[in-house]
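Anchor point for the sequence shown: position 529 equals 529 in the UniProt record's numbering, and the numbering is continuous, going up by one each time.
Calculated directly from the structure, the hints in this document are not laboratory data. It is possible that some hints are incorrect.
[As the list claims (entries may be wrong)] Mimicking DSS-like on lysine-lysine, the simulated pairs with C-alpha atoms at most 30 Å apart in a straight line are:
# : residue 1 : residue 2
1 : K332      : K353
2 : K437      : K473
3 : K668      : K117
[To be verified] Taking CB as the label site, the calculated pair distances span:
#  : residue 1 : residue 2 : range
4  : A477      : D422      : 23 to 31 Å
5  : Q308      : N388      : 19 to 27 Å
6  : F742      : V429      : 38 to 46 Å
7  : E529      : G479      : 34 to 42 Å
8  : G479      : C507      : 14 to 22 Å
9  : F124      : N300      : 55 to 63 Å
10 : D422      : Q308      : 48 to 56 Å
11 : D422      : K353      : 40 to 48 Å
We put the beta carbon where it would ideally sit given N, CA and C, even for glycine.
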Amino acid sequence: MEGCHPPRGLNFNGNMADNWRRFKQLFEIYLIASGNEAKSSEVKVAILLNAAGEEAVEVFNTFNLSAEDRKDFDKVVNHFEKFTTPKRNVVVERFIFNQRCQEEGETFDVFAMDLKKLVKSCEFGDQSDSVVRDRIVLGVGDASLQERMLRESDLSLERAIDLGKTAKLSKIRLQTVQGQNVDFVGRRSVPQKPVSSREANWSNKNETVNKSFQNGEKARMFSSCWKCNRKHVKGKCPAYGKRCHSCNNLNHFSVVCRYKDVKDVVVDESEDNGDYYMNSINVHHIVKCIESASTLKEWNKTLIIEGQPVTFKLDTGAKVNVLPLSIFNLFKLQSKMRKCNVVLKAFGGATIKPVGSTSLNCSVDNLNCVIDFIIVANPQVRPLLGINECVKLDLIHFVNDIEIPNKNKLDQYMNMAFSSKDEFIRNNVELFEGVGKFKGTCKINIKNDATPVVRPPRRVPLTVKPKLELKLKELEAQGIIAKVDQPKEWVSNIVIIEKANGTIRICLDPQDLNKVIKREHVLIPTIEEFLPKLTDKSVYSVLDLKDGFFQIPLDVKSSELCTFSTPFGCYKFLRLPMGISCALEIFQKRNQENFGDIQGVLIYFDDLLIAANSIKEHDEILAKVVQRAKSLNIKFNKNKVQFRVPEVKYLGHVFNVAGMRPDPERVKAVMELKEPKNKLELQRVLGMLNYLRRFVPHFSTKTAALRELLKQKVEWQWLGLHSQTFKELKNLICNAPVLGIFDSNKPSNCRQIAQKMG
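Take these sequences, add in the hints, and give me the full structure.
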């Protein structure tokens, strides 16, 4: 058939698999369109090689094919398929898929489409749609959309995508409405230097109308212009120099004229000239919802001006008072109008040149005063009363505090308004600064027959010595340690740990002291005890106590026991140090006393996990924790806060409403394990695998061959069987399923299976 063209060769650069996929599809279309589909296999091979190009022919010559197979079209295509498509590592493909989240500035459509592409190489089979659905719910960047999806009891992939598209469309429509009727606004400064009309109009377009749409994307060369409502290259606007038929001003068409939408104004004084320039009013974001103009309640007040009643809108964001010329003419006081050099700027950057200004006698609620007004000719502009006059006439009040019977509830509702981690930290900054201090002191008990031991200081490398001296001064300034000038009965060494960022941590090394300490027997919770409390939870937060042990003060005698030697002299800990054998039990007990009575809070040493069924319940629990922490002077680490997340990393696992799965970092550590060389290394490997045993079916049976090597009478001999078992265990953990959390309130089936092992 004439007019049909073969594809433009096969590209072997870049992603060959993708290049081959596109070439193959285009070639199959070409065969059908050109009528060559029915030709012999040998002819189709020739057409394929001719279309694929010279480099493809060279590759074809390397194929290990017989003379007969080189004429077989299907076999040739199959060899090209194998050559261009490398063997996929399903584990890696699934890892990439499960790490995929919606990026900042990425649209929902692109995010969902990319997930559909990624899942094709993961071999999930019939579960592909449900897996993509789960990844959309977990990875979507819009918290409100995520909450909406979680409310769906039977959410399908199609429904999730529809919700995402609907949310996007709703945002676009809201942004369109904002240009016409805005009640939630923000303010930005306008540069004082002169700006040309062309630059100013283009800037207003980019900073106001398109600000919500850009969302971090690069500005495009072609943009929909707010002056002409068309797309064109910057600086080539057809409206430039043209006069608007609506407002009679220059440089825009009437179809986009915004004077009729002016409702609120703000003013900024410039010392450079006699004019007043307005700060533009931009829409930053909608906090919860925008009510329609017909139902939204406004603050209005009627004033008596020169004997005439006039209803004003109370505008706390305006610094000037505005009066339409049509109302001013009713007073028949044209002689009182003065010249005015004030320029008002409305939403979108449109400016209004007033016709004049005046001072009029006004009265409201038995209060009389003279008010200055800016007079504008546009009949669409409403009478506005600015912030200064609102205060002067006692129409609004500044309220510093609200006295209510139960102030705790006020704190809860205030905290419920936090929409992000950063906002939560900013509004509770005192919880994240300084070193906390628990109420009361801690006592370390030792045996009566204990023999004191004094350890001399250890030598410190020259490169670490300055860091140690600096760290000691820092801890002393924070009240965590104190210099010791008198001899002590107990003196221990210290262990210096260098962190990745170059700083150091000091831990007590009380080997002798630990042998005589009477430990407090406190039951440390396990993950099995936490699981029932995490059933069906969908909103989580984690607060990590900053330098947790250092928040517990020691009594005088216990502080003396925690004396340690350094090259710079002896010091003693005033707070509970790391290294003491009873420190974990003491810390768990004290932290349980502080927060254990708050329902919905799980405590594991210095980590507080808040888990709830809804955002409202979560915020109420969080408010109680915050209030308790403030009253006890407890501090948290702001860098480790997980705030109001749909899934949370805790105790080496990831929890969400669907259940639990291994922490990807632990999975990565398992995948990087090398085959053990001796029994000691095998013990370490089995220890890591054992922590994730619940995700491996028949774990005991599968590890039997490895555990056999640990027996005393068995000689170490690592065979192919052990290598195969080791790889199988790693593969099972890498592909671990999401496990549902046991719920005792639901019916359970118990089956007993007899086995020789396990």
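- Task: Would you pick out the hints that fail for this structure and give their numbers low to high?
- Result: none
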